[in-house]
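Chemist: Put chains B and C on the given structure of chain A with help from the hints.
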Amino acid sequence: MGNIEKNLLEETAAWVDEERAKTDRVQKPWDVWIDAELGLRNHWYPAALSRQIEEGGFKAITLLGENILLTRQDGKLYALEDRCPHRGVRFSARPLCYTKETLTCWYHTFTFNLDDGNLRTILNEPESPMIGKVQIKSYPLEELKGVVFAFVGDISPPPVGHDVAPGFLDDDAVVYSAEPYVIDANWRLACENGYDPGHQFIHNWSPFSIKNEIPMSFGWVSNKESVLRTTTYFDSDDGPKGFTRKAAETNIVQEAVIPMNDGSLVEVKLPAAEGKSREELNEIAQYAHSCEVGLWMPCMLKVDPWPADPAIHFESYVPRDSTSHTYFQFGVLKTNDKAEADEWMNRRAHEEWEIPTVEDFTIDDAFARKELQKFYSEEDGWKRERLYRPDIELTMWRKFVTKHARGVQTTDHTKGFFSRKDRE
Amino acid sequence: MGNIEKNLLEETAAWVDEERAKTDRVQKPWDVWIDAELGLRNHWYPAALSRQIEEGGFKAITLLGENILLTRQDGKLYALEDRCPHRGVRFSARPLCYTKETLTCWYHTFTFNLDDGNLRTILNEPESPMIGKVQIKSYPLEELKGVVFAFVGDISPPPVGHDVAPGFLDDDAVVYSAEPYVIDANWRLACENGYDPGHQFIHNWSPFSIKNEIPMSFGWVSNKESVLRTTTYFDSDDGPKGFTRKAAETNIVQEAVIPMNDGSLVEVKLPAAEGKSREELNEIAQYAHSCEVGLWMPCMLKVDPWPADPAIHFESYVPRDSTSHTYFQFGVLKTNDKAEADEWMNRRAHEEWEIPTVEDFTIDDAFARKELQKFYSEEDGWKRERLYRPDIELTMWRKFVTKHARGVQTTDHTKGFFSRKDRE
Amino acid sequence: MGNIEKNLLEETAAWVDEERAKTDRVQKPWDVWIDAELGLRNHWYPAALSRQIEEGGFKAITLLGENILLTRQDGKLYALEDRCPHRGVRFSARPLCYTKETLTCWYHTFTFNLDDGNLRTILNEPESPMIGKVQIKSYPLEELKGVVFAFVGDISPPPVGHDVAPGFLDDDAVVYSAEPYVIDANWRLACENGYDPGHQFIHNWSPFSIKNEIPMSFGWVSNKESVLRTTTYFDSDDGPKGFTRKAAETNIVQEAVIPMNDGSLVEVKLPAAEGKSREELNEIAQYAHSCEVGLWMPCMLKVDPWPADPAIHFESYVPRDSTSHTYFQFGVLKTNDKAEADEWMNRRAHEEWEIPTVEDFTIDDAFARKELQKFYSEEDGWKRERLYRPDIELTMWRKFVTKHARGVQTTDHTKGFFSRKDRE
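Chains as they are written, first to last, in the working numbering: chain A, 4 to 427; chain B, 4 to 427; chain C, 4 to 427.
Calculated directly from the structure, the hints in this document are not laboratory data. Take these hints with a grain of salt, some might be off.
If you want a taste of the chain C side facing chain A, the calculated C-beta under 8 angstroms gives, among others [claimed, not checked]: (1) Lys-31; (2) Leu-52; (3) Arg-86; (4) Gly-91; (5) Val-92; (6) Arg-93; (7) Thr-102; (8) Thr-124; (9) Leu-126; (10) Gln-138; (11) Lys-386; (12) Asp-415; (13) Lys-418.
Positions of the beta carbon are idealized from the N, C-alpha and C atoms, including for glycine.
Next comes chain A alone, as it looks inside the complex:
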């Protein structure tokens, strides 16, 4: 890894507040991030949960703007472009698999291979010269830890492990999945909110903090020195690419004052901090932040542990279209003990991770992401944002992604690509 951190820091530091005055006149060094409204192409993404597709069942999803039909036949999962090349209808409107190898269009009986999308036959025109020449897009899939990962791209897929945060696919990782849901905000805003060191202020109002009387901080403030001290970057070609930061080692702000016009200072109290001494607050802070936070390409956050040892929290912000993403959340326990694993899946994960996290904490992140959407999508936010010093980690991420992304999704991709072998 060597000097990644220092290089990134130098390349992006100039873009935060100190020298922000020049930004309008210069090309920003994170153009791929700004272009990646629909997601990064040629990456793996969580597409669905295994339990959402039973044997013989179907699930229509939208991934990076592409409409995809998932189905499970004879235990095997398939993902095909959800649009018949003949006249464009969606197979998912009335999905038909007459065999375990084929998908038939409900409109004119065009019948495709589940595995490669080739037109195998047309029931009412079995001698058609189109057979074997027309193809819909099929998507590489991996089903791991109860999650269906799909590869959206054109290149030969790298190992799925390169696009998942470390640890998630480990043999001893027991993965409990919450029900995914759609949030009306671009996926990049979700990534940034998740890793953003300053955003923690919003969680002072989360039910988790109120119920447990755990005041969150006013935010973390990373200056260049603390970024170098607390953050590690991973850009090996043999594994996932991303960042990690030890939260407790960053500058967690527990106290704040507002200077008044008359020269006095008003101390600001957070809701759950009332009646607590400074020592108690610091103790809580150290406890609450004794975790490592990591953001991994293309869109996965890891918080270890969270909300408390031994639970590890993972979440993915999967691009759906330009204005929404699907929010996946996973509570993971590391164990090789079968009985412990079962108890995690059957009871403990719900109690120790899902209630405090999914129900009582990340709903505020969903709220924040939605609030960002209007500015960035309608009001030229990527140009007009006015970053401040702690945002340096966001600009480093933007730069990092700009360098390491395997591609950018475009609207042309979403319109589908009908492989026409007869024209080759």
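Modeler: Below, chains B and C alone, put in the same frame as chain A:
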């Protein structure tokens, strides 16, 4: 008629699958059809049912993107542009007819002739120099068989019979009308779905087929020879222009197999075909398809008989705006017997035609039309569609309409045209 | 004042019906009016009612397309741009005032002065170099007569009294405010409908007219002579600018006929006029129209008295965005008697003004404004409208505003302007 069929066939055959590879580089020979998103101008259309406009009553409709107010005064029907030239409000918001000859705007008392749309007076300004000089558009109407036909165009209207399928206006035709409804799909997709020889596959899931255990086919497959053998084209200047095809004489596909990877063949069974011998199936097919199907300009389908003798089915796909059409359906009995006619209208049409057709069959066509809409309106479908051999009848229709249409509706037409005599 | 009326008349008379034939070829002399879709910039507007913002409370509004947060702290009202310059979220999503002098963003603790919008501190980064250099827009406010007036513009604000109809701010004016509501129509259409001499025809169907058997007229018809006789224009730099007209002195049309094709004349009867003699009708008309009607820049109408002495009616059509305005209505009594004032506010205004006006009369104006919207916003109405003689007062108003407006609001203004002192 002579060689219409052969010429059409030659001109359009090249555009289906065999030579489809060239289509991107050449202008398609059905450009009028592609341009006619808002309908064909200078044609007659079903605008409403007679029973929808009582004496003194009003009905606001949208036809080819034009907002029109219908009213019946002293038994006579009128159709006027539903927009006051003064300040653009719709008369239909609060329609006022103070006399049987005039329509008065609720806003500033501009009062127009019902028959020709000329400004007759302004109640609060009877000396206005605008009187007699300002005009709104009026639409020629014909009320026949309980249907109000309106002519949308600029030329002197041809007989309404030229724009209606043969037989509908006959003296002995007893016309029962179902309640029209709006479908969110372009009118051209409705025309194509209705006549499409391959679309019948969808009706295997129609309540009509399930209830009566009548399996539909996998579709009809017309090759060039069968098209010539089974189809007749009408392009006389003295009558309606359109096609007819004897369904039972086309290649109705009752059996289908899917070849498996291991070389075996899987026979596909249709829902209502379970437990029936091939002979039974063929017998049912012949019965179910002993009808003639015709498509007539601008937008009327006729199926004779349907669902069973003596009922004749007619339906019209009337352009409303670029993304919707109004669906009219008619069950017709031919008789000169007054008592029989009455019974048809009072009981039999409902039982023998409306329930099996409107309630239990064409709902699936409505479903299919809506599914086509996204691809054709948002995803460049007219260029990207990948036609196959049985679609040859659709391309022949597109070419036929391109040749015989009296005009194409544009958005400029929908904004209205205020005749300003003072400027002439 | 001198010759304002005559000049306006000469400049705009050519634009109504007599010579309307030329309008397409010439620049209309009211281009500012046509451009002012989002409102007139650099004017005062009613923004809210005092009672809508309690101590410590907040109210988010949209004014001329700008999102504004109102709050009251220590009794003082503030109005700030409702968008954090950092990452664009709206403060109003979770408004926080930790002190009576500051507003803190719920996302990253950016804390702004309530009075001038300067960034006072950032709770988690109190040493940030951005402090004191970043500013959001703050809006001058005046709270008078229970109404919060806000100034939207860039110049030093003139006295609020210059943008309010005469009398409203007088010491002896007791102002009762109805609940404001949003109407889906551009604010200019509301101004024009309110003052339009011909629009009164619509009120023949208002519950007020029906309940009280007070037929309204067919409209007023102003020709050049009556406009000069009945209208007064005010364009002094020391006060509000606007028009007034004595309704009873205009040509109120109480009778109307429609000429029939056979040469006869049909007399038109208004709903509430049935069974009344002409003398009775004229008497009612004189009574109903014994008021002075005035339209004042930027958007306030005054009718004195209305619906009956001693009530004075004021209403404002406040631009919200390009397709909607907020409708404020005020019932005013002039008195220096404290007891009488209290009774007005507690009982009489509701009975004598609010029920007959807000509930039973102006709902028809709201209806008319909405009906105008489609034509003017989607169908090129400002060019295609076909004005008639009584509209001369509208064109005079358009010309008057074009001459006296202090500015025009643009979409660039609505995107906010972040004062960046560090760049100055």
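Chemist: A separate judgement is required for each hint: does it hold in the structure or not?
Modeler: Hints and how they fare:
no.	hint	in the structure
1	Lys-31	violated, 32 angstroms
2	Leu-52	violated, 27 angstroms
3	Arg-86	holds, 7 angstroms
4	Gly-91	holds, 3 angstroms
5	Val-92	holds, 4 angstroms
6	Arg-93	holds, 7 angstroms
7	Thr-102	holds, 5 angstroms
8	Thr-124	holds, 6 angstroms
9	Leu-126	holds, 4 angstroms
10	Gln-138	violated, 11 angstroms
11	Lys-386	violated, 29 angstroms
12	Asp-415	violated, 11 angstroms
13	Lys-418	holds, 5 angstroms
This entry does not satisfy hints 1, 2, 10, 11 and 12, going by the numbered hints stated previously.
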